[in-house]
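Asks: The residues making up each chain are set out below.
There are 2 protein chains.
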Amino acid sequence: MSTTVLEPLARVRIVVDCMGGDHGPAITLPACRAFLARHADVELTLVGTSEALAPAASWTRCRRVTASEVVTMDDPVEVALRRKRDSSMRVAIAQLKADAELPAHVCVSAGNTGALMAVARYLLKTVEGIDRPAIATVMPNRRDRFTTVLDLGANVDCTPEHLLQFAVMGSALVTAVEGRADPTVGLLNIGEEAIKGSETIKRAAELLRWAAAGGHLSFHGNVEGNDIFKGTTDVVVCDGFVGNVLLKTSEGLASMLSEFIRQEFTRTPLARLAALAALPVLRRFKSRVDPRRYNGAALLGLRGLVFKSHGSADAFAFEHALGRAYDAARNRLLERVHDRIAATLAALPVEGVAGGDGLADRRVA
Amino acid sequence: MSTTVLEPLARVRIVVDCMGGDHGPAITLPACRAFLARHADVELTLVGTSEALAPAASWTRCRRVTASEVVTMDDPVEVALRRKRDSSMRVAIAQLKADAELPAHVCVSAGNTGALMAVARYLLKTVEGIDRPAIATVMPNRRDRFTTVLDLGANVDCTPEHLLQFAVMGSALVTAVEGRADPTVGLLNIGEEAIKGSETIKRAAELLRWAAAGGHLSFHGNVEGNDIFKGTTDVVVCDGFVGNVLLKTSEGLASMLSEFIRQEFTRTPLARLAALAALPVLRRFKSRVDPRRYNGAALLGLRGLVFKSHGSADAFAFEHALGRAYDAARNRLLERVHDRIAATLAALPVEGVAGGDGLADRRVA
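Listed in order, the protein sequences are those of chains A and B.
Just so you know, the working numbering puts 278 at position 168 of the first sequence, and the rest follows in order with no gaps.
Just so you know, the working numbering puts 246 at position 136 of the second sequence, and the rest follows in order with no gaps.
Quick caveat, the hints were computed from the structure, so don't treat them as lab data.
Because the structure is a prediction, the values reported are computed rather than measured.
Remember, identical chains collapse to one label, so a pair may be satisfied in a single copy or spanning two.
Below 30 Å or equal to it, Euclidean Cα-Cα: the simulated DSBU-like pairs (lysine-lysine) are:
#1 K306 / K194
#2 K235 / K306
#3 K207 / K194
#4 K340 / K396
#5 K235 / K194
#6 K235 / K207
#7 K340 / K312
Model the full structure from these sequences, guided by the hints.
Replies: Here it is as structure tokens:
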């Protein structure tokens with residue numbers, strides 16, 4: 111919808127928190143090495159302890175920045191924020207700032223989500239017009255594409271204005287990473303009819319319709335939980351509580367079903383034989399829904415691009431997170447979010463869409 | 111936890127709205143006939159047009175009550191409530207009332223959920239101490255048992271007190287239908303830690319801890335979306351918006367995965383051969399997660415038992431809904447809900463737990 115043409119970056123500098131996640135450098139370093147080999151236009155800044163980064167000493171297009179501390183997966187936000195001031199996570203995010211020696215375009219970490227969001231928010235601040243950053247991930251759909259869902263848990267109570275901001279940011283993300291010029295947005299609700307849902311949802315729908323009428327996004331209307339997997343829209347917007355529940359529910363269901371399949375195919379000797387015959391088919395199925403292929407959630411709304419890998423990611427999965435971060439940075443997601451939010455807010459008839467519920471009330475005709 | 115011993119009913123009278131659902135009598139009648147044959151202690155009251163019920167004229171333990179109208183799956187609540195006063199749905203629910211000629215113990219309908227809830231609420235009223243009825247369904251879990259989840263969409267905005275009421279009603283349901291004496295309850299949240307979630311959730315957790323301390327239910331603590339499928343607790347409590355989203359999301363994901371399995375097993379001639387070899391195993395898997403086996407959602411908190419079958423149910427699925435309704439009625443779910451709610455409310459230190467948020471505030475030590 112934006113008419114601004116943003117040329118892709120010729121070189122993309124990715125800063126990697128190599129110590130984050132359940133496995134740290136054991137998986138981040140091999141993933142970084144493979145990624146470097148595959149992308150000639152990438153420069154990496156690896157952050158970690160000097161011992162951990164030693165194996166990368168001779169790599170080309172790669173610099174190392176040492177950090178003496180590590181934020182663990184169990185560290186409370188306060189520890190990451192106030193105590194471990196020389197953590198790899200914090201040092202990595204700081205590399206995004208304009209005053210860094212060689213500023214990076216995007217940061218990737220598999221560290222704990224709460225700490226990552228808090229440190230990123232503290233160091234980078236939010237984009238003007240964004241009250242709260244959001245976490246966006248992708249889920250596979252029946253069209254063999256991805257549905258981008260946000261927020262995934264950063265924001266428990268959301269106003270209609272927050273949901274509008276999520277919609278704009280999610281659209282920018284899909285354009286940058288999935289290459290879709292005019293992504294459609296669905297508002298997650300408990301029925302397609304406009305009269306359904308809470309007051310917040312109804313007012314959010316009004317704001318979204320208004321933004322769509324002004325050409326700021328492509329609003330499909332209400333969608334339901336099953337539409338995520340149908341691929342009805344490119345983006346699905348919801349508050350962080352609902353988003354987190356639907357993500358965990360989906361993970362739990364998928365995991366139960368694959369466990370049941372495994373159990374049935376190993377129950378009897380005959381079943382094991384059938385498994386052998388079906389192995390190539392089962393492998394194809396597994397790879398089609400492999401969550402490692404869509405690893406890499408975006409922290410949106412900050413003055414710097416941060417991608418979060420799953421903590422339990424292996425090198426294959428971590429490389430996919432690097433890939434999503436690369437696409438986002440290369441296609442200038444940061445500027446896209448900034449431009450789209452600015453345009454949407456500037457077109458709002460009442461000043462200060464951010465915060466408060468007043469606007470929506472005033473907007474209802 | 112209740113010390114009252116409730117003897118099972120010797121005879122169970124089930125009233126069936128035979129016209130409800132996508133297929134009406136074509137599936138409800140065969141299901142009823144099979145169910146009658148399997149349960150010698152059951153008497154049925156079939157409600158529908160006289161033509162539709164004609165095939166049942168000669169059945170034993172079966173009476174017919176005619177209704178001239180049918181609530182369609184698309185009828186708005188207002189139509190069901192005010193215009194179609196002689197609908198099979200309404201006439202069926204009315205058979206639960208004490209002033210009916212031969213009052214039934216439980217009603218089963220595959221009619222549209224909104225209309226069913228509205229008509230049931232209008233005719234039956236809520237149990238004393240219950241602000242809002244809830245819809246409870248079961249989902250399969252890794253322990254090869256069922257997890258009961260409520261609310262599924264009847265209540266969009268819930269107070270902590272509503273969530274407490276859902277927990278008590280859900281516990282009674284599991285005791286009656288699943289035969290578990292002391293079911294555990296989890297509060298759906300976005301993290302297991304007590305500090306997570308919205309203010310409503312935190313206060314609900316306090317109320318649930320208090321109720322558990324008083325012996326009114328068995329509160330496990332916070333659970334996450336994936337715990338539903340792990341079977342961490344027997345009951346999972348959430349507001350209707352979240353419950354509806356997680357149900358639809360689960361249905362959508364399961365449907366996508368089974369479609370992907372089908373596609374992979376038919377992609378090439380070799381894959382088709384593998385499918386042939388794997389057929390018995392795939393069938394076992396399919397039957398293990400067959401949603402027809404857990405058809406039958408309970409409308410809880412009304413002065414009468416109503417079960418809702420999926421609208422698209424076939425005879426096999428509808429018979430399962432009859433089975434759940436039968437178990438609930440036979441094990442006197444109505445009295446269990448009434449007794450447990452009364453006991454919980456009576457033990458509350460502040461009068462009038464129903465409505466408002468004030469109580470929870472006062473209860474926080």
